[in-house]
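Just so you know, the protein sequences line up as chains A and B, in that order.
The opening position of the first sequence corresponds to residue 864 in the working numbering, with each subsequent residue numbered one higher.
The opening position of the second sequence corresponds to residue 864 in the working numbering, with each subsequent residue numbered one higher.
Just so you know, not all the hints are guaranteed correct.
No copy is singled out in the list; a pair is fine if it fits within one copy or between any two copies.
Calculated lysine-lysine pairs in the BS3-like style (CA-CA distance at most 25 Å, straight line) [stated by the list, open to error]:
1) 1283 x 953
2) 1147 x 1128
3) 1036 x 1302
4) 1218 x 983
5) 1091 x 1250
6) 1286 x 1119
7) 872 x 1127
8) 1180 x 1283
9) 1298 x 1091
10) 1036 x 1299
11) 1074 x 956
12) 1282 x 1263
13) 1074 x 872
14) 963 x 1263
15) 872 x 1248
16) 1298 x 1088
17) 1282 x 963
18) 1088 x 1299
19) 1282 x 1262
20) 1035 x 1302
21) 1245 x 1227
22) 872 x 1263
23) 1255 x 1035
24) 963 x 1255
25) 866 x 1245
26) 1283 x 1299
27) 1255 x 953
Since the hints were made in silico from the structure, they are not lab data.
2 protein chains.
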Amino acid sequence: MEKLAQLEKEFDYELLTDKEHLEKYARDETPGDYYYIPDAAFLPTETDSITRLLEIAQKSKIPLIPRGGGTSRTGGALAVHGGVVLSLEKMNKIIDFDEKNCILEVQPGVITEEINNFLKKYNFFFPPDPASIDSCSIGGNVATNAGGARCLLYGLTRDYVRGIEVIFPDGKKEFLGGKLKKNATGYSLLNLLIGSEGTLGVITRIFLEVKALPPYSATLVAPFKSLKDAAFSAFNILSSGIIPSAFEMIDEDAVKVAVANLDKKIPMAEEGTLLIAEVLESTKEDLENKFEIIGEKFLENNAVDVFVAEESHQQEKIWDFRRSISEALDIFGTLIPEDISIPRSTIPEFIPEIKKLEKEFNTKIFTFGHIGDGNLHVNIVKNEKWKDDGEKIVNELFKKLNVFGGKISGEHGIGFTKKKYLKYSRSENQIELMKKIKKEFDPMNILNPGKIFDIEEIDA
Amino acid sequence: MEKLAQLEKEFDYELLTDKEHLEKYARDETPGDYYYIPDAAFLPTETDSITRLLEIAQKSKIPLIPRGGGTSRTGGALAVHGGVVLSLEKMNKIIDFDEKNCILEVQPGVITEEINNFLKKYNFFFPPDPASIDSCSIGGNVATNAGGARCLLYGLTRDYVRGIEVIFPDGKKEFLGGKLKKNATGYSLLNLLIGSEGTLGVITRIFLEVKALPPYSATLVAPFKSLKDAAFSAFNILSSGIIPSAFEMIDEDAVKVAVANLDKKIPMAEEGTLLIAEVLESTKEDLENKFEIIGEKFLENNAVDVFVAEESHQQEKIWDFRRSISEALDIFGTLIPEDISIPRSTIPEFIPEIKKLEKEFNTKIFTFGHIGDGNLHVNIVKNEKWKDDGEKIVNELFKKLNVFGGKISGEHGIGFTKKKYLKYSRSENQIELMKKIKKEFDPMNILNPGKIFDIEEIDA
Chain A
864 MEKLAQLEKE FDYELLTDKE HLEKYARDET PGDYYYIPDA AFLPTETDSI TRLLEIAQKS
924 KIPLIPRGGG TSRTGGALAV HGGVVLSLEK MNKIIDFDEK NCILEVQPGV ITEEINNFLK
984 KYNFFFPPDP ASIDSCSIGG NVATNAGGAR CLLYGLTRDY VRGIEVIFPD GKKEFLGGKL
1044 KKNATGYSLL NLLIGSEGTL GVITRIFLEV KALPPYSATL VAPFKSLKDA AFSAFNILSS
1104 GIIPSAFEMI DEDAVKVAVA NLDKKIPMAE EGTLLIAEVL ESTKEDLENK FEIIGEKFLE
1164 NNAVDVFVAE ESHQQEKIWD FRRSISEALD IFGTLIPEDI SIPRSTIPEF IPEIKKLEKE
1224 FNTKIFTFGH IGDGNLHVNI VKNEKWKDDG EKIVNELFKK LNVFGGKISG EHGIGFTKKK
1284 YLKYSRSENQ IELMKKIKKE FDPMNILNPG KIFDIEEIDA
Chain B
864 MEKLAQLEKE FDYELLTDKE HLEKYARDET PGDYYYIPDA AFLPTETDSI TRLLEIAQKS
924 KIPLIPRGGG TSRTGGALAV HGGVVLSLEK MNKIIDFDEK NCILEVQPGV ITEEINNFLK
984 KYNFFFPPDP ASIDSCSIGG NVATNAGGAR CLLYGLTRDY VRGIEVIFPD GKKEFLGGKL
1044 KKNATGYSLL NLLIGSEGTL GVITRIFLEV KALPPYSATL VAPFKSLKDA AFSAFNILSS
1104 GIIPSAFEMI DEDAVKVAVA NLDKKIPMAE EGTLLIAEVL ESTKEDLENK FEIIGEKFLE
1164 NNAVDVFVAE ESHQQEKIWD FRRSISEALD IFGTLIPEDI SIPRSTIPEF IPEIKKLEKE
1224 FNTKIFTFGH IGDGNLHVNI VKNEKWKDDG EKIVNELFKK LNVFGGKISG EHGIGFTKKK
1284 YLKYSRSENQ IELMKKIKKE FDPMNILNPG KIFDIEEIDA
């Protein structure tokens, strides 16, 4: 890229251009053959460098791809149109914990797990817990409105972001929100930025509201003979008004792949489709009451057995296993990872629809995820005979989804790989409005071009 | 208005044009001399009429002022540039309660209190509880991201809105979100609409997530000798990790005005500045534990005494008193009602700043509100000698506010009366972006013109 010379002249150690270093930024965690080596990587250590980079990029129309932990499942961190990966990995400081206001101030590159390691000392926690918690960054979490298992009781990333410092594509630094619970001063640009996948601004500082960590926890594991049985059991518990802090499901085949391919064993893993529920309470009595009720309800609803983990290392093992399912399934290099969100009550009816697709397309579909939220990760193994690379089965899945009032993504976002399906979840008019917003914020289309929208749709 | 003939030709019983009926829509609950009689009022009973109205209004550039319960404190519901008040009062049905997904589907004109009356039968509730709960509408709550006392533990309206049907200024009907906890399909137009004060679209249907109502509740009232003592006490309780569901403050002078002017008596009302805390718990034991700790902490922190209400009618009386403070203060017809939001830890330092202003400007300032959230209603009695109608004291207040990291509105919004102060809380660049969004959504500036921005800023 000839424009690179300009950047090289301006920047020193923050800019990487040698192929060896750039390899790291050519992929994210999207399964499949997605490899885009960027022209350069920019690793700022301070906000001023980002401002300067954006000013140059805006003038010379250089694509910039903001990158956190690089854990996108939809190609969100890929340099699909070349340009410079803007990795926030070196801006990884926890700046301040304001215990009086329950606000943690962090740089965007902090790994999400480190936030909880830090807060534990104060008996606080940051509830959203994406499965990639040990490698994703909080900046990426904000940019995608990341979810996780504990959203059921605690909500998503959006619900905890009180303020951000953001650099807009013209290089202007702005602060949105603050250490404030309430803010009714015009349009919530803050909430527009959250979940905009790095296409509207670069987030450089974050103020998170954090919560007191309930001191007692337990994790239940219950196997079921079928996915349908498990789905009904989960639904019966939730509709009786009992809301665990997390309520997850892993179908039998996904469990088997995980057991075979990971060096991670958990109780009951050989017994069928698993439901995993976490209970967090402020007294031991409440904890025991709640997990006993859930355990009984599991058994009433055809669970083969129930295991209750109270020791924290036992619980951690179970959650580590759950969080590793995506990684285990990645051995199928040709997997299509979907991330549907549907009204949770419809899951027992929706599961047979997935089974039908499996049969119809003569393939294997692994389903797991956040059953309590109605957010399921539907992982389709590509059949090599398909000529359309799987588009047909995905279209069929999304057509069914729309009948059930669902959306094509619950937490992974649209990124690069899902944009052709966006029409299933957003009307033409809505997409038009979104594009207009993108153009107003980023008229040169330098920030994460080719994500959410095709590059031509914005450049035109 | 000559354009009125066109509307009269098109619409029948839904359009009111006689002066007598229009009187009702000439004011909202903004204190002071704000009277703007609209050219007409439109009271639709179905969405199709709204679509049609918007199409005509867009073509003929007729200002439309969406109106819920008319409880705005910032002139948000006033026809300041003439036009048609679009009152949603007749679209007031609770459409469906989907208990399985904990989603309540409502029309925008439902009075917020009716939602809770309805949900009580199912042991559910909608937590946000603005003081005007008995007369504000849920549509207005969504349009302003309304708050209330229970935001401290439960969050604001935004946190409960899962989906809306909205008519955009061109008459297009769109559905944003759904019965879904998670939705990562492009920019959150839903969250942009929430809090946009009727300037971007007309909300015609709402899907609210509702919560199981904890069965045990108590309300504590504690008087303090000074506002500063009360503020310190509240802060000490919150920073020890105890978060009541609501934590309110009413300064001594406001209490006195309320006692003198309302036919409402509560215990301790003669004893000084009041703190009121609500505790909601799932067991009686937890309830008692919590209110005992709070009560003790009140006494340790110089409370004169503590009263604990456990009977629901007693508690309701206390909350009714609290909610009536604004109404009581409205006897000062020339009151300037502010609604500041600051980091809650700074309140003990901020209170003396308010006292200084009171002295300096030789007036009376009544302060009350959501001390737990850092959201205080600062009500300045206008001094008739002031030549600038109070602008000077408000400017001084907001200058101090900025030093403390605060915002000029926590929940009332900007509306008509606060737009000249918006610059204290949003940068020029942010306001510019907001205006661009407004112009993209509403190029003819027909929806609530003159709110948040001056009419010339958008029409230009």
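Q: Hints the structure violates: just list their numbers, smallest first.
A: 1, 2, 4, 5, 6, 7, 8, 9, 13, 15, 16, 17, 18, 22, 23, 24, 25 and 27
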